[in-house]
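Chains as they are written, first to last, in our numbering: chain A, 386 to 537; chain B, 386 to 537; chain C, 118 to 531; chain D, 118 to 531.
In short, the hints are calculated from the structure, not lab data.
Just to be clear, a hint being listed does not mean it is correct.
Residues of chain D clear of chain C, computed beta-carbon distances all greater than 12 Å [claimed, not checked]:
1. 200
2. 227
3. 229
4. 230
5. 357
6. 385
7. 417
8. 448
9. 496
10. 505
Straight line, CA to CA, 20 Å or less: simulated EDC-like cross-link-like pairs of lysine to aspartate or glutamate [claimed, not checked]:
11. C:126 / D:510
12. A:518 / D:187
13. B:472 / B:528
14. C:517 / A:391
15. D:517 / D:415
Quick caveat, the model's predicted, so the values are computed rather than measured.
Heads up, the beta-carbon is just placed ideally off N, CA and C, and yes, glycines get one too.
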Amino acid sequence: MHGPIEQELDELYRELILDHYRRPRNTDLLPDAQHKAEGFNPFCGDQVNLQVMVDAGGTIEAVGHQGKGCSISQASASMLTEILKGKSLEEARATSDAFRRLLRGEEVEESELNALGDVGALQGVRRFPIRIKCALLPWTTMEEALEQGKQG
Amino acid sequence: MHGPIEQELDELYRELILDHYRRPRNTDLLPDAQHKAEGFNPFCGDQVNLQVMVDAGGTIEAVGHQGKGCSISQASASMLTEILKGKSLEEARATSDAFRRLLRGEEVEESELNALGDVGALQGVRRFPIRIKCALLPWTTMEEALEQGKQG
Amino acid sequence: MFDPKEIRKDFPILDRQVYGKPLVYLDNAATSQKPRQVIEALTDYYQRYNSNVHRGVHALSVEATDRYEEARQKVADFIHAPAAESIIFTRNTTEAINLVAYSWALKNLHPDDEIVLTEMEHHSNLVPWQMVAQQTGARLCFIPVGEHGALDISSLDTIINRRTRLVSIVSVSNFLGTINPVETIRDRARQVGALFMVDGAQSVPHMPTDVVEMDCDFLAFSGHKMLAPTGIGVLYVKPSVLETLEPFLRGGEMIREVWLDHATWNDIPARFEAGTPDIADAIALGAAVDYLQTLGMENVRKHEIESTAYALERLREIEEMDILGPTDAESRGGLVAFTLGDVHPHDVGTLLDSDGIAIRAGHHCVMPMHRKLELAASSRASFYVYNTREDIDALASGLKKALDYFARSNRTGA
Amino acid sequence: MFDPKEIRKDFPILDRQVYGKPLVYLDNAATSQKPRQVIEALTDYYQRYNSNVHRGVHALSVEATDRYEEARQKVADFIHAPAAESIIFTRNTTEAINLVAYSWALKNLHPDDEIVLTEMEHHSNLVPWQMVAQQTGARLCFIPVGEHGALDISSLDTIINRRTRLVSIVSVSNFLGTINPVETIRDRARQVGALFMVDGAQSVPHMPTDVVEMDCDFLAFSGHKMLAPTGIGVLYVKPSVLETLEPFLRGGEMIREVWLDHATWNDIPARFEAGTPDIADAIALGAAVDYLQTLGMENVRKHEIESTAYALERLREIEEMDILGPTDAESRGGLVAFTLGDVHPHDVGTLLDSDGIAIRAGHHCVMPMHRKLELAASSRASFYVYNTREDIDALASGLKKALDYFARSNRTGA
Ligand SMILES: Cc1ncc(COP(=O)(O)O)c(C=O)c1O
Ligand SMILES: Cc1ncc(COP(=O)(O)O)c(C=O)c1O
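Put together the whole structure using the sequences plus the hints.
Here is the structure:
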C-alpha cells in the first residue's frame, strides 16, 4: 500500500528512533565529566547538552545528555550516549566520522557499520537532506566537547 | 524614400536647429546681468550658462549664453536667447511653460505656439523622450536664473 | 468574482506534484508563488527590451527605463503614495530597513535616544536596530506582547516618550498573525515627534495599504511575498523625510557629478539606487501589482479572513493543537502558527511534506518571541489568493495523520 | 567551435527589430543580453520549485536551497575560488564594493591610512571610498593614467607605501578599455601589507579569471554583464579575510541566535546575505556560468580580441574619429570608446539608434577620467559573444552616415 515516500518516512522514523525520542537514555547530568559542550541548531531550535566522562585509562565511562528538539536530533543524542560507552576517545571520533559518512552517502566499511550499532538506524535520514543536520548535531557537539576538554 | 524614423530624425535635426548648434547666437558674456544660472545635465555632460539682463521697466534687454553639449541643448539655448529678448519676465516664464507642454505633448494654444517662434522647431524632440531633457535644460536654467535673481 | 479555483489556473507551479501528490502550498508568508503574468513580464523583458536604464540613448534603453519607472509608479499607486519618488527599490524588506538604519538612524541618533519596537519583530526589524543602538548609544525599548499575541499598549505612553526618536513596528506579525494597532502607535509617535516606520512585509501583500492614511514615514515590504520575483523590495519614504536621508550604497546611478575627491548626489529616488538596479524584477513587480489590483485588495483580504477562519475552525477540531496568536480571524493576517502536542514542528513539517503539503517549521525569524512563549520552534501555515478550502482540509487531515503516526511508538513500544 | 552566428540563435532578443531594422546590440559593457538557457532557468524556477531557501522542511524549499547553493559552487568554480563560502551574492558590483567599504574599511581604517585607486575607476569603485575617507580620515591616492589610457606605474612604489591599507583597482576599464597590470599592482600591495581588491565588472564576463592566481582579497562583479539576469552580483572574498568582515546588512538568514538586545552571526557566507536572497537570479547566474563554460572563456576572450581588432581597423578608416585608450586589441577589453569630430556623443547615439544600432553615449560612470581628457562625454561600442563582423560593419557605416548627416548643415547653411 505504501508508495516510496511513505516507505522512506518509515525508514526515517523507525520504531527504534521514536522510542529513543520518547524515552531518551542517559539523561542524568554528569557534573564531574571532563568534556562538556552545548550544541544548537538555530533553524529548528534543537538543543543538545552533552557531558562525556572518561576514566583513568582513557575509556568513556558515561555520556550524559539533556536537550530538546525534534525526534531526529534527540534520538540521535540518546543513541550516542549508549554507543560511546566503553569506547576510547579515538574510537568515539572514528564512530562520529563513520556516521557522518553514512549520512552523506559516502563509503562506510562493514566493520564501521557494526560499530555504529543502533545509530545505524538513523541512516533513513539520508533521504531527507534537511534533517541531516539534526542527526549530526549531537555528534558535532560531542566532538566539540572532546576538543574543549583537551584545551581546558 | 524615408521611413518613419528617418522622417522623425529630420524633424529632430531640422536645418534650423543644426544651424543654431553650429552658429550659436548671443554667446557674449553679460557680466552685468541681474539674473544668472548654470545648468548641467550629468547624463550627457550638457552645460548651459545663462545671463538675463533686464531693463528698468522689467523687460528683458538681452540674454547671454555660453555652454557646450549636444546639438539639441545648445540649439535650444541659442534659440532661447533670441526669443526672450523684449519679453517681460512673466512672458519669459509663460514661454518656458508653453515649451515644456509642447515637448510633453500637452495642450498648447495657437497663440502660445506663435510666441515660441523658432523655438517651436524643437518640437521634433517629442518623439525622442531621452532628448527632452536636453531641449529643456536651457529653459529650466533660465527659470532658475530668474528665481535666484529675485532672492539675491 | 474572486474565485481561488480560477486564480489557481494562473499559477503554473500549482499543477506540480510532490512525491506523486498534488502540491498544497501553505508557505506563503515565507514567499508566494508567481502567476503566469509575472513570469511573462520577465521573459518579455529579456526577450524584447533588456537594457541598462537611465543613461541609454537607444530604443531598448528608453523602453527599459520607461517600464522601470512605470513599475515605480504602479507601486506608488498600489500603496497610495503621493509621488513615485517616494518609492525606492531595494532587494527585500530587510535591505529597506537597513537603508533607514544606515542612512537615517546612524546619522541622527545619539546616546539616550530611544528606538521603540515590539517584542514580536521579525529579526529584520530588530537586528539592524541593535547595530544602530550599539554604534550610536541609543537604547532599544519594546512594546510587550500580552494575551493571545496582542500588543499590550497599556504603557504605551511610558514606552514612547520624549526620548523616542523612532518607532518601528511590524503591521502584521509573520509568527503570531497579529494585526497591530498601527494608528494608535503612530499617534503616540507623532505626539512625541518620533519618526514612524512600518514593517509591512506581511500586510502590504494581503490587505489594502494607504500610506497617507497610515501616515508613516517609512514602509518596507518585499515583492517576493506578493506574487513578484525574488530580488525586489520596496522602501516607501514620506516625501518630507526623503531629503533628510543620507545616501546609502554609493556608486553609479546615484551621483550627479563626480570628482576624484568628492561627488554630488543625483535626484531622489535614484540617489538611493546605486549601481544597475534589478530592472527585470522591478518591472515584474509592476505586473504583480497589476494582478493584485485586478483581484482587488479588499477581495484579497476578504478571502484571507475566510481562509483563516476556516483554518482556525478545522485546526481547533484537533485536540492536541495549540494555536498561537489572536483567536478570531478578523484580528489576524492570513497565517496560523501552532504546536501539535509533542510532535516537534520539524517532524510535523516532514510528515506534511510527505503528503505534498508545504508549511514552515522553525522560529520564522522571530526568536525572541518564541523564547518569550517558551517555544524553540513552531509550525506555520500561511495562505494566499490561490488557496482553497480543500488546501486547508488537506492540512487538517495531514496534521491528524502526523499525530497518529507519532502516537504509533507510544502504542507499540520498542 | 566558437561561432557567433550559432551563438546568436540562443538569444531571442537578437531577432528583434528596432524601427523596422535588425537590432545591432553594441552596448554590452552596460549590460549583456541573455540566452534562452538563462531565461529558462528563471521560468523553470518559478514554474517548478519557487520557494524560500535555507529554512524550509518541504520539498520545494529543499530543491530551491540545493539549486541556490549549487549556483554558488558554479560561480566559485568559474573564478577558481577555493571554496563556495568565498562567494557572497549581492545585487551587483556596486553593492559588492559597498559591502567591503562598510564591513571592512569603515571598521578598520584610521586617519592617515591610505586607499589607492586608479584615475580611471568607475564611480562604483570611487564614491564608496570617498565615503570611507570622509568617515575615517583615511586618504585616497590615485595611480595616474598616462598615454593611450595605460596606467602610469612609474611612481607605484611611492603611491603604494606603508600607509596604504587597501588597493582597489579596475581590472578592465569600462571607458578606456585598458587591461590593467593587476599582478604588478598586487605585488606592490602585498609588499606593503595592504589588502587588494579588484573591480572585475568588465573582466570576469570576458576572459578567464583565476582568483588564486590573481591572489586578490576581494573581487567584485555583476551577473547582468555576463549573460545573467539583473539583480545578482558577486563579491568573492579570500577565505583568510572572510572572518575579518563585520556583517553588513542585518536581519533574517544572517543570524544564528537572536535576543531582544543582541544577536550572534550565522556561518559564512549566509552571514553576509541578510533577508530573502534573489534566489531565482542566483540560480540563473549559475545557468549563465554554465553557458560561458561551454563556450570556453579562452574562446570568449579570443573572439573579443578579434572583434576589437576589427572594430579598431574599421573605425580608424573614419578620419574624424578619435579613439580613446590603448592602440592594440590585445591590451584592451572588448569595447571601444571614441569621439566623432564635432558630432556630440549624444547625437551620435541618436543617429545610430535610428539605424537600429545600440551604443552608449555619456560619461559611462567615469566622470573624473573624462574630465582629465577634457571630454564631457564619449561614445562607446562594446562587444560580446554574439557580436559579428557584420555588427561592426553596421557600426562603421552608421558612424559615417552620422557624420554626413551632421555635415549637411555645414553644406547647406540655414
Ligand atoms: C568597471 C565597472 N565597475 C563597476 C560597474 C558597476 O556595475 P553595476 O552597475 O552592475 O553595479 C561597472 C558597470 O557599469 C563597470 O563597468
Ligand atoms: C514581518 C516580516 N518582516 C520582514 C521580513 C523579511 O523579508 P525579506 O526576507 O524579504 O527581507 C519578513 C519575511 O520573512 C517578515 O515576515
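Hint-by-hint comparison with the structure:
no., hint, result
1, 200, "holds, 24 Å"
2, 227, "holds, 17 Å"
3, 229, "holds, 16 Å"
4, 230, "holds, 16 Å"
5, 357, "holds, 25 Å"
6, 385, "holds, 17 Å"
7, 417, "holds, 19 Å"
8, 448, "holds, 24 Å"
9, 496, "violated, 9 Å"
10, 505, "holds, 18 Å"
11, C:126 / D:510, "violated, 48 Å"
12, A:518 / D:187, "holds, 18 Å"
13, B:472 / B:528, "holds, 14 Å"
14, C:517 / A:391, "holds, 16 Å"
15, D:517 / D:415, "violated, 33 Å"
Violated hints, listed in ascending order, are 9, 11 and 15; each of the other numbered hints is respected by the structure.
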